[in-house]
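Could you put the whole structure together from the sequences, leaning on the hints where they help?
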Amino acid sequence: MTQPYRLAQGGRIDRNQTLSFQFDGRTYQGHRGDTLASALLANGVRLVGRSFKYHRPRGIFTAGPEEPNALVELRTGARREPNSRATVVELFDGLETASQNRWPSLAFDLSAINGLFSRFLPAGFYYKTFMWPPAFWEKVYEPMIRRMAGLGHAAREPDPDAYEHTHAHCDVLVVGSGAAGLAAARAAGDTGARVMLLEQDFEIGGGLLLDPRHDGWRNETIAALAAMPEVRILPRTTAFGYYDHNVLGAIERVSDHLPVPPAHGVRQRYWVVRARQVVLATGAIERLIAFPGNDRPGVMLATAAETYVRRYGVVPGRNAVLFTNNDAAYATVYALRDAGSAVPAIIDVRATSLAADAARGAGFTVWTGAEVIGVTGTHALRGVQVRWRQDGRITSVPADLLCVSGGLNPSVNLASMTRAPLTWSADLATFVPGTPIQAERSAGAARGVYGIAKAARDGTTAGTAAAQASGHSRSAEFTLPDDDAAAISPIQAVWEVKAKGKSFVDLQNDTTADDMRLAHREGYSHVEHAKRYTTHGMATDQGKTGGLVGSAVLAQARGEPIETVGVPTFRPYVTPVAIGVLAGREVGQHYKSKRRTAMHDWHERAGAVFLETGLWLRPLYYTKTNETGWDPILREARAVRRSGGICDVSTLGKIDVQGRDAATFLDRLYINTFSTLPVGRARYGVMLREDGMVFDDGTTSRLGEHHFLMTTTTANAAAVLEHMEYHAQVTWPGLDVQFCSVSDQWAQIAVAGPNARKTLVTCVEGLDLGNEAFPFMAVADARIAGCPVRVFRVSYSGELAYEVATPAGYGERVWSALLEAGKAFDIIPYGLEAMGVMRVEKGHVAGPELTGQTTARDLGLERLMKKKGDFIGRVNATRPGLLAADRATLVGIQAVDASFERRLRGGAHIVTRRESKQSLGWVASVTRSVDLERWIGLALVRGGPERIGQRMFATSPLHNEVVEVEITSPHHVDPENRRVRT
Amino acid sequence: MSVPEPISQLSAHMQPGRFGADGNTPVLLSERRRAIAQVMGRKGQDARLRAAIHGAFGLDLPHPGSSVTRDSAMAMWIAPETWLILRDGSPSDDLTRDLTAACGDAASIVDQTWGKSIIRVSGARACAVLAKGCRIDLHPRVFGPGKSAVTPIAHIHAVLMQVDATPAFDLIVPSTLARDFVEWLRLSAAEYGYEVVA
Amino acid sequence: MHLITCPWCGTRDQAEFTYRGDATLTRPDPASANAPEAFFEFSYQRTNPMGWHSEWWHHTGGCRQWVKVVRNTLTHEIAATGAAHDVLKVPAR
Amino acid sequence: MDTTPRYSGLRIFREALRGHQGWERAWRDPAPKASYDVVIIGGGGHGLASAYYLARDHGIANVAVIEKSAIGLGNVGRNTTIVRSNYLYPENHHFYEKSLQLWEGLEQDLNFNVMMSQRGVLNLFHSDSQRDAAARRGNAMRLSGIDAELLDRHGVARYAPLVDMDNARFPVYGGLLQNRGGTARHDAVAWGFARGADRHGVDIIQHCEVTGIRREGGRVTGVETSRGFISARKIAIAVAGHSSHVAAMAGLRLPIESHKLQAFVSEGLKPMIDGVITFGAGHFYISQSDKGGLVFGGDIDRYNSYARRGSLPIVEDVMSEGIAMVPALSRVRVLRQWAGIMDMSMDGSPIIGKTPVGGLYLNGGWCYGGFKAIPGSGWCFAYTIAKDEPHPLNAALSLDRFRDGRMIDEKGAGPAPWAH
Ligand SMILES: Cc1cc2nc3c(=O)[nH]c(=O)nc-3n(C[C@H](O)[C@H](O)[C@H](O)COP(=O)(O)OP(=O)(O)OC[C@H]3O[C@@H](n4cnc5c(N)ncnc54)[C@H](O)[C@@H]3O)c2cc1C
Ligand SMILES: NC(=O)c1ccc[n+]([C@@H]2O[C@H](COP(=O)([O-])OP(=O)(O)OC[C@H]3O[C@@H](n4cnc5c(N)ncnc54)[C@H](O)[C@@H]3O)[C@@H](O)[C@H]2O)c1
Ligand SMILES: Cc1cc2nc3c(=O)[nH]c(=O)nc-3n(C[C@H](O)[C@H](O)[C@H](O)COP(=O)(O)O)c2cc1C
Ligand SMILES: [Zn+2]
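Chains as they are written, first to last, in my numbering: chain H, 1 to 982; chain S, 1001 to 1198; chain B, 2001 to 2093; chain V, 3001 to 3420.
Treat the hints with caution; some may be incorrect.
Unchecked claim - Listed next, the in silico DSS-like pairs over lysine-lysine satisfying Cα-Cα at most 25 Å (straight line):
no., chain 1, residue 1, chain 2, residue 2
1, H, 624, H, 823
2, V, 3411, V, 3387
3, H, 139, V, 3387
4, V, 3270, H, 139
5, V, 3098, V, 3411
6, V, 3411, V, 3033
7, H, 592, V, 3411
8, V, 3033, H, 917
9, V, 3387, V, 3033
10, H, 917, V, 3270
11, H, 53, H, 139
12, V, 3387, H, 53
Stated by the list, open to error - Okay, the calculated beta carbon distance ranges per label pair:
no., chain 1, residue 1, chain 2, residue 2, range
13, H, 976, B, 2024, 46 to 56 Å
14, V, 3165, H, 258, 31 to 41 Å
15, H, 500, V, 3108, 31 to 41 Å
16, V, 3224, H, 423, 27 to 37 Å
The hints are simulated quantities; they were obtained by calculation from the structure and are not laboratory data. Note that CB positions come from ideal geometry on N, CA and C, so glycine has one too.
As structure tokens, then:
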């Protein structure tokens, strides 16, 4: 028979829809509306998992996200998800699941041997052993521990599903859709406030779902909310964290209940909610009682058992015993009896209680003043041992289900994350939220107000108050559920039943009450020490069912009240969250945005290989077939040196600077002077940080008396702009200067090589490019192919060179026109690599030298420093450490071997003898020189310039290479700057 | 010789068509071309600048968070003493020339026509699409036609302006990031279905 | 998560801003006699209070202004924000 | 003096037979005495290690470690436990190498298993220039006798098979590997040093907050605490993220800002990541604890903070960087997030040494990296306190270096602490 434990009727499942699923290779049936756990129970599966440390057999303990035991691997392959709580997995047809942390099988797990030796594995045992012999740690002990540890196996492939983020704003955010949450949302929604209602479950209703009598009010309220345009209800959405400034994070499981997400759909969505006011109606979670065997399959929280019967139409046991210390849990036995189960005994620790009396009246056997001291059965429950507290009398009852209730813990984790302190309620024997700090309040069971009607009333008050605080006033009245709660007797706090055997306070991590006491004996008495020493509350359930119990055991050991001992700090995540959904769309190609120049499509068509620098995609070189390694780079560099080439330099930062004080401002930014620069000319400039280190360099042109155009390095474009804004707004607010980035507005193209002028002359209109009319460092407007351009005579390559800027909309046209014009001279497009070859040959500093650790003096740029007047960095640059004679300074290096055989390595160190370990400096940039036909580089070497002409060694122990080099001037090519000026 | 027509970096990547999920209210995406200039007031010239812009364009320079339109021209606040002026149907040179002529030394004028791309997103789900990357509140109670904001969307610096109550939004983003931005919009709109229109 | 009110743009997410520390410091006069000591203090020494702190946040994603913010480094509450040269009241504790 | 029994497998066996009733306290809980030779403020890794080495190596056992909360709940108990000595500058790598060498024998030395596990630390790089910078650092280490290895793409794929070599945005070019690097069990380090110091006679005083530092004639005389005045000849500050706050009690301003750094742990998983891997195109780094949790983090929050709470912007960055580096992380669930307050110095390197106040010593400015430094710093700090002068290994890590312009700035970020 399939689903032998399924009731013929009742519950919220859809019996018309039968779904097949697999667990450990066997196929079972369930229904739409089932969770994996309810479907497994319906099929009589009791053994579902293994615990972390002792590999003890475990069953299903709860009916919600607090589940510590029933963790499974969900789906397969790239979609495998380990540690999934069977209690919240919505069943769908074809779902594949498997048990985990067992070998070779769930029923026969070799590691269960740990349990036999458990007395030798007390809390923290590993801190006291595995120390000898020392070498065994890495080789033997640790690999063994690592294999044993962990729970499930993660997928090893990229995730095929998509995720996304959504930002939301609302007046009132309600978390939880039980009686309290629904009423709060209704009360707030009625005022016209913008309301969001989040519910982690796939059905709205919380505790209302357990009793069909509440369906009327529930349906009516949901319908009312649905009719309000400013109310948004999100089921399957868990608020995972409460952050500063009333911002909450939540995860919506959009498609987890489907085999795969629909086309164009996402698997999950991460919501960032900025709420004016928050109502936390998160309900309460039942807690366990520590007694020997409280972890065995068949032991289950009382509300969970009730939930399986009432909501899922499943009997979790045919012979059920209840063990309780409170009245609320009695609801379970009525549910079980309705479901046809026998209830041989109710064990109530209290001497008397109203619920006990009522139950006796209803024909139940109630043993008051009694407690459970043990169970029989390993893979399934067979019986329960009971002891009377007064006389120590012992008896046993056969049972296949033991329902346990130690009382309710309000779900205060979100409230506590707001920094609001928790307060102890002696009446309820639990912590409740204290005075709020952020704009929030708790309602209903979340603050210890139990009972549907009471919770709904409390939610109404909270929702009204929240709406009011957000500027909306209550308008209408609505009905609340009937008050059906009978009078109840108080709970009697019982945390642990002391008896022989393992009484667990943390089921997943196998922490026992004895472990807590051991921690205390050894001085780990602070609740945070005890947690870390015993790992109590550190498992995937974060101690939701046993956390407070552990604190209580510790408090007893310390002889102090629980409120003094406290509970460990609550932190996100309320329930664990997939990393992928928090990343959202920013994965793969979209990990970072891509910035493309105006000529990007052209480069792509021309076969450019791109380099990711910051956000930019820049052509590294253009490949021809049959080229490998350095071939294309050297081909391009040679072509430029021989005739000419053009290069996309649009990524340089460009800042338009205007205003009456523009020149003064630039004088203070740069170490050199710009106020003396004539209109129509450009000048190279260097700027420092205030600490005296070089910040950036580039050329700045004067376009008018009060108008300059700055260029920055690609890497520093944003930082320089921010730096300028700081000084213009904060340091010198009196200066009349305006500036903004024009990096995107202008496409810029370098035209370099002996034939650069000839190329330009062919295509430039309206500008005399003769050497006298348009000398080195001149700037002027012109036209190319009818497009407006600005021509700069600047050179990075060391060749006769120009840069042509044009509004980006003309970029590709001008680029093509230049290539066309240069056809006669065989000019070619070249990329970043060839540019790098030439800049190293020329000795221009770039990123590898501008590390933020070098001074202008280190880089041989101190001659630019003006003698008079303020500039940023001037004062700090005179500190002794920045002027020390032993600082490494810029030099060139050339391989003595005049071939490309023995390569120089960037990052090699300079030493005087081949085998020396005494570093004198390092190699910053290297290249194969097309001019010198050997490896050359730029290096920073102590006492650099004095060493020019000396033979030294560039050593790279990482490569096991030593290359003999000569120290030279950094200007390997054309040191007199003739080429750029002719 | 006349100046050739500039080429948008986006046009090749915004071919018209219907994409994503089926649905009867697709999101509409299109590129818009307008001349754009940035106007930055010089120190102590606020009154002169306002008068100049009013005189030449009939626009009263707007307050933070808003924009004003008059005929084919529009002014939008983007920073203290700083506005974008947008104009339909005129080459960018003309706009900067007109502005310079009008403002004299009351302002620094910078052409941004090709530094920016304008993308229009409209349709009933436009806000839902934008909320996937935009951190500010676009709810009608807070935002609305004529409102504008400078805010990053999907990590890209954007100027966002509500055009009408459809709702339709114009998003002004750096041209070098426009293609990336459109890719993000496409992914975000696919769930509802979207149409790229000319 | 911080929500910071830009004096011009209104309340915005911290993701729109770039931080730059202590806003009580003023760049010294490089011509003054004790300039080296003053620049050392300006560049390196920080009060780094546990509690209220005046600090710079650049509205990078918005209006690109340096906004002065009085924020509590322990609770992350923000007491006031203003323009660069506004004098903001710092709460006593 | 040390008569307490040692920890061993045999002892566990014996105690098990007695129901584990025989275990002694790991450290005593003494009331503060009126006076000590040395008072160490801060019961984190550094304070406890300093006390241990003072007593063990310098015969100074009349020492109190004063902790405002319980020991080990500051940064030492909330860090991502990476231990390495792969620094560029000799001032740093010699110091951290000393520390690494002490780590290598720490279990036996302390008779406490701190689970130092040398499974390697791999720094990925994604461009030629990053490779050159990594090579410069690796070569500097090798010349100083420290192990380092430059891996090419194949090497990376072998060492860390789940890394996406062809990351769609920033492909991996290779990595710098320090095989001797690894991780240790954070809490155990605090507890082990506490137990070690205690056994040498040091008083560990918990729940005692230092509220003032008394001085007379330019010298310290003792500390005001929540449990009264305690006189001391020498006072050593080792309060990590709170350095400025405590130094201010002695009238000092420091080149330090307090910033928060977050960390994350996933649900427990079967082995997936072996050593420590850091992403070069972001700030992400990850390792897997012996318990099975993936421990990872990223950049600091970049604003002054004394709040040990997480925040969402960093969450978003860290998670997307993580998936960029290891795509298989996508369906792994993150379990918990927290933060610690770090004293970010103006050059990103630590400060261990004397202060302008006589008898007052400072240990701080640890930035993200002070866990690995714990034994080395304790050792050097103890030397500095005992001899009233720095050991050559920490001489350059002085407070004066900023005024003199001798910063040890590995990142070249300058005096922008949030950028180190
Ligand atoms: C998330 C995170 C990740 C990190 N990852 C690494 C890593 O991978 N590798 C690495 O090497 N480093 C890492 N670090 C840094 C490292 O944790 C710290 O640098 C180091 O722990 C600091 O030294 P400590 O252990 O002495 O500090 P702490 O443990 O913080 O000790 C300082 C103690 O001083 C106490 N104290 C403060 N004020 C007072 C007072 N007035 N009176 C008495 N007591 C006081 C505090 O309560 C605290 O216990 C990380 C830090 C964080 C936050
Ligand atoms: N066994 C039972 O009969 C039972 C169980 C639960 C509640 N109730 C009744 O309901 C009364 C209280 O109603 P209530 O509304 O206060 O609580 P509730 O338990 O009915 O509702 C709380 C809701 O909050 C949801 N929730 C919790 N944390 C969440 C998060 N982080 N994100 C999203 N959703 C989250 C839960 O899934 C649940 O649906 C109880 O006092 C009790 O009478 C009864
Ligand atoms: C290396 C490391 C591993 C951790 N592993 C776990 C874990 O498995 N489970 C858990 O709940 N917390 C884990 N934590 C986090 C701690 O529970 C705690 O959050 C952290 O130490 C900071 O303390 P706080 O949250 O009490 O402020 C780990 C922390 C560190 C530093
Ligand atoms: Zn702003």
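For each hint, the structure was consulted:
Of the supplied pair hints, the one linking residue 624/H and residue 823/H holds, its CA atoms being roughly 18 Å apart against a limit of 25 Å. As the CA atoms of residue 3411/V and residue 3387/V are separated by approximately 32 Å, the hinted pair breaks the 25 Å bound. The straight-line distance between the Cα atoms of residue 139/H and residue 3387/V is roughly 40 Å, outside the 25 Å bound, and the hint therefore fails. Taking the CA atoms of residue 3270/V and residue 139/H, the gap is near 18 Å; set against the 25 Å cutoff, the hint holds.
Of the supplied pair hints, the one linking residue 3098/V and residue 3411/V holds, its CA atoms being roughly 22 Å apart against a limit of 25 Å. A threshold of 25 Å between alpha carbons decides the hint, and for residue 3411/V with residue 3033/V the separation of about 45 Å lies outside it, so the pair is violated. Restraint check for residue 592/H and residue 3411/V: the C-alpha separation of about 22 Å stays at or below 25 Å, so the hint holds. Restraint check for residue 3033/V and residue 917/H: not satisfied, since their Cα atoms lie roughly 51 Å apart, outside the 25 Å limit.
At most 25 Å may separate the alpha-carbon atoms for a hinted pair to count; residue 3387/V and residue 3033/V meet this at roughly 24 Å. A C-alpha spacing of about 43 Å is found between residue 917/H and residue 3270/V, which places the hinted pair above 25 Å, so the restraint is violated. Pair hint residue 53/H plus residue 139/H holds up; C-alpha atoms about 21 Å apart against a cutoff of 25 Å. Distance restraint check for residue 3387/V and residue 53/H: the Cα-Cα separation of roughly 48 Å exceeds the 25 Å cut-off, and the hinted pair is therefore not satisfied.
At about 51 Å, the beta-carbon gap between residue 976/H and residue 2024/B stays in the expected band of 46 to 56 Å. Hint check: residue 3165/V to residue 258/H, Cβ distance near 32 Å, so the stated range 31 to 41 Å holds. Distance hint check for residue 500/H and residue 3108/V: the Cβ-Cβ separation is about 38 Å, which falls inside the suggested range of 31 to 41 Å. Checked against the given bound of 27 to 37 Å, the beta carbons of residue 3224/V and residue 423/H, roughly 31 Å apart, stay inside it.
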